[in-house]
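These protein sequence lines are chains B and G, in that order. Each number in my numbering comes from the position in the first sequence (counting from 1) with 30 added on. Counted from 1, the second sequence has number 484 at position 489 by my numbering; the numbering is strictly sequential.
Keep in mind the hints are simulated off the structure, nothing from the lab. Since the model is a prediction, treat every value here as computed from it, not as a measurement. Ideal Cβ placement from N, Cα and C applies to all residues, glycine included. Among the hints, a few may not be true.
To be verified - Here are some, though not all, of the chain B residues that point toward chain G, as calculated from beta-carbon distances under 8 Å:
#1 Leu56
#2 Lys59
#3 Ile125
As the list claims (entries may be wrong) - The list that follows gives simulated cross-link-like pairs (lysine-lysine, PhoX-like), each with its CA atoms no further than 20 Å apart:
#4 B:Lys165 / G:Lys(-2)
#5 B:Lys144 / G:Lys88
#6 G:Lys50 / G:Lys231
#7 G:Lys(-2) / B:Lys151
#8 G:Lys171 / B:Lys165
#9 B:Lys149 / G:Lys(-2)
#10 B:Lys144 / G:Lys2
#11 B:Lys142 / G:Lys12
#12 G:Lys2 / B:Lys149
#13 B:Lys151 / B:Lys141
#14 B:Lys141 / G:Lys(-2)
#15 G:Lys12 / G:Lys2
#16 G:Lys(-2) / B:Lys142
#17 G:Lys171 / G:Lys105
#18 G:Lys401 / B:Lys105
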Amino acid sequence: MIKLVDITKYYSSGYVKTFALRDINLEVKEGEFMTVMGPSGAGKSTLLYILGMLDTPSSGEYHFFDQKVHRLSEKQLSELHKNHIGFVFQSYHLIDDLTVYENLETPLLYKKVKGAERKSKVAEMLDRFQVVAKKDLFPNQLSGGQQQKVAVARAVITNPKLILADEPTGNLNTKEGQEIMELFKELNEEGTTIIQVTHSEKNASYGRRIVNLLDGWIVD
Amino acid sequence: MFKNYLKVAFRNLRRHKVYSLINILGLSIGMACFLLIIFYIQFQRSYDNFHENRKNIYQVVRVNMRGEDIDRRVNTGAPLAPLMLENLSGIDKAVRFTCFRGELIGHGEKRFIERHFFFADESVFDVFNFPLNQGDSDTALEDPFSVVITEETAQRYFGDDNPLDKTLTYQLHAKKFDFKITGVLAEVPRNSHLEFDFIASYQSLRAIAGEWFMTKHWDSPTWTYVLLPEGYESGKLEQLLPDFSERHVDKWSFAAVSHELLPLEDVYFRSPGPDIGRSGNSQFLFVLTIISAFILLIACINFMNLSTARSGSRAKEIGLRKVIGAQRPQLVRQFIGESLVNSFLAMILAIFLVELFLPTFNNFIGGELKINLLKNSAYLLTMLLTAFVVGILAGSYPALFLSSFKPVSVLKGRLRSGGSAVLIRKILVVGQFVMSIALIASSVFVFQQINFIKNRELGFNKNQVITIPIRDRSVRERYELLKNKWLQDPNILAVTASSMEPGVTSQNGIEVKTRDADDIDMGIIYVDHDYVRTLEIELARGRDFSKDISTDATQAILVNEAALEVFGWEDGLGQQMELYFKREGKIIPQYQGTVVGIIRNFNFRDLTTPMQPILLKIDRSMFYYTMIRVNSSRLNESINSLKRTWREFQFDYPFEFTFLEDDMNNVYRNTDNFAAVTRYGTFWAILISCLGLFGLASFSVEKRTKEIGIRKVLGASVPGLIRLINIDFLRLVALANIAAWPLAYYAVIRFLQYFAYRISIQIWVFLLAGGVAILVSLFTVSFQALKAARANPVDTLRYE
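Starting from the given sequences, assemble the full structure and let the hints guide the process.
Listed below in structure tokens is the structure:
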């Protein structure tokens, strides 16, 4: 499904180049549940953003199914991204001005899904993630765990092939974190590929494969 | 999708109340000012557009040529129209209007002096669209001594009675005629340059003004309009006019006379005068357009600046939307949509503001503007278009800027307000202040100029002079008695009479033959003894007219110093001259006289024209105004005394009076209105600029909260911090000054061209404008800065 060949990412500020990723070679098969681990600044998030097509590598090749991602225009990238990839963040990142219902609806709007279908999909997600009662509340009226549930729901509502999660339990207490991880496990069992970044060994245990990063290198 | 955008837009408004208020209020004030001025301009531009034939109607302009001098006038004579119809093909119809301004019209006990009694050819109703409510426009003016009147006039004379077939008595000088009312006009639109209360059949003039007036008088208060066939080129007709004029029109004293055609749509703004009715100044309109554009632009810039300044708080949302699938065009649409929501909200508020401002605004412009937004589709369209254009314009830059954020940068917290955004914002602020400062400076100059004009040394004393028009021969004949009776009251200091009201009406012309030259064209004022004394004109040499010297009444002439130059005389006293008219090539002698005194130049015309040479000569038959200097501390008693005496004489005409000073100020009413609108616009422009600056400063302070906290921990004082925050803005305002001054200079130079006597452009006005802008911005920014500087650094730093 995903093949990275010699992916390098650096940022230049003035005369200094800071490397975030160096010569990453990685293959991810459909249906995998992979965990990326490593200390702060190891390049985990950068890798995730590149996989999610929100950031572009400085060099190297990125193959997504049969598409050469590194050759695509911004518009094509955004098209690919919106049809196949869902994102979950540590700090939930819901849109503050929208209710739970509207937050879930927005990705469908961008995919130009028709009204009736949109309604049933949103209803389905509310039901599945047990947030029906909260649908008219705004994000700041929810607890962290609830917000993250909504964020996961928003990520899966478009039926993405790949879910990328950046420390999804980082801001949650143990019980909430567990709930979220159970959700990911469920989704993975249904066939969604999941790549998560985490510090927690416990969370990593939900996945079947671990990739360790250190200073931008894969160290195994 | 659209609903989603709307929701976000409204929630955003609610969440950021102060910001929204500043944004929408600023925009709506800008829009309201813009709309008022635009409506006024639209109204002015709409003059005479209600005539179906407007494209084919032309006003005939008389062109008098004498050597290099070309003098264009729109008053012609009664013989012109019939001659044109007879001798020129390609004229469908012609209409003459004649108006003497100031006849006494009566019905029973009700008598009024009327200034808008028009005589017009029957074809008036075929050429122009002045529909009748009662009567038949095909036959209403067929018979001599028939008249149609306006609804308002009917109300004045007849109340609610049906005026049809009733009789009005018309009195010009001592002659009286009865007119039969044959029709009542529907309301004449306010945007008509022709302004009348009565239209009487033209043939009546034959009896009233005489045969000579109808066939030989080429310079009467008569205006001629022609209607050309649909699609006929006016140029073709104009080619024939020189030859036609040469053959049929009396040249009087001019070397040559010809005619030109002025399209109806140009008459209101470009007619060379004397005006038949209302006239406008297109130059003022041009300046007003610029002012209104400035105000709207300033408001738009506010909007853009505040939106981009606030981008930090929107950045997360933008990044997220991109992460969950939004593409750039969708985001651009969202932000433009939001901007449109704001703009339309502002427009709704602006409509209320327009209603609120309208009375004040009307005061400035002379009460012309009536706004019925629902009835007038042009106004409605203007509003919708304004809201739309402002929404797009103000939203475009923020939309493009905001939608360009890279989601990764936003979400990783790497977003810094980019250098280019800050630069553009600075440029916009500078642009805003350039406009404000230019407006301040210009309005000060306009104010100075108008004051200068009004308080200028005129060469005579216009204060405490009462003017009473002499409309009737019976008054003129008993003038001497009246004068003596008036003078018995000690409060009445001096009485005189003349052919013109100085600074208000125009002088007569005459040809002069001296020892050295003949055919010198010269202005002349016919006056009574005491003219020089009553108006307090200064005598340079020689003597004033004297009652003790009996020949003075017929032979004495006073000339001003400008006239001396024209004659080429060193001294001038004792010079003999012959005064005459020239008609049909023949000389018609009028007077012979001797110069007995030289007076200083005085401004008998309005001050847009320079001092001109003039002769003063006594001729009682030419008295049209009597002017009375009264005791300023006994004004009411004086007026009552004048009135009492007038009544004792039992003239047909009722007593009426004006103050010379008021009459003269009325001449500058247009200019006054213009100045008032400029001041008004300037005030709001500055206010809106400050509103924007206030918002911008608050964001700037917010962004620098951490910096301010650290500086405070390091020991910075409150005044030091305020200075730090102010200095950024002050630099911008200072820069704006440099750009604004040449702009204002150029604008003022253009404005001053309109006047013969101009103020000098002084540097302190520019400095003042800059100073005001700097002070106002200092005040605005300091308010925000003080708040930030006094905050406890512990709080602000923890927040980070």
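Each hint tested on the structure:
1. Leu56: 19 Å, violated
2. Lys59: This interface hint is violated because 24 Å lies over the 8 Å limit.
3. Ile125: Status holds, d = 5 Å.
4. B:Lys165 / G:Lys(-2): 17 Å, holds
5. B:Lys144 / G:Lys88: 67 Å, violated
6. G:Lys50 / G:Lys231: 15 Å, holds
7. G:Lys(-2) / B:Lys151: OK: G:Lys(-2) and B:Lys151 at ~18 Å, within 20 Å.
8. G:Lys171 / B:Lys165: With a Cα-Cα distance of about 90 Å, the restraint between G:Lys171 and B:Lys165 is violated, given a limit of 20 Å.
9. B:Lys149 / G:Lys(-2): 15 Å, holds
10. B:Lys144 / G:Lys2: 19 Å, holds
11. B:Lys142 / G:Lys12: 32 Å, violated
12. G:Lys2 / B:Lys149: 17 Å, holds
13. B:Lys151 / B:Lys141: 13 Å, holds
14. B:Lys141 / G:Lys(-2): Given pair B:Lys141, G:Lys(-2) holds - Cα atoms ~16 Å apart, limit 20 Å.
15. G:Lys12 / G:Lys2: The hint holds at about 16 Å.
16. G:Lys(-2) / B:Lys142: Roughly 14 Å separates the two Cα atoms, so the pair holds.
17. G:Lys171 / G:Lys105: Holds: G:Lys171 and G:Lys105 sit about 15 Å apart, inside 20 Å.
18. G:Lys401 / B:Lys105: 13 Å, holds
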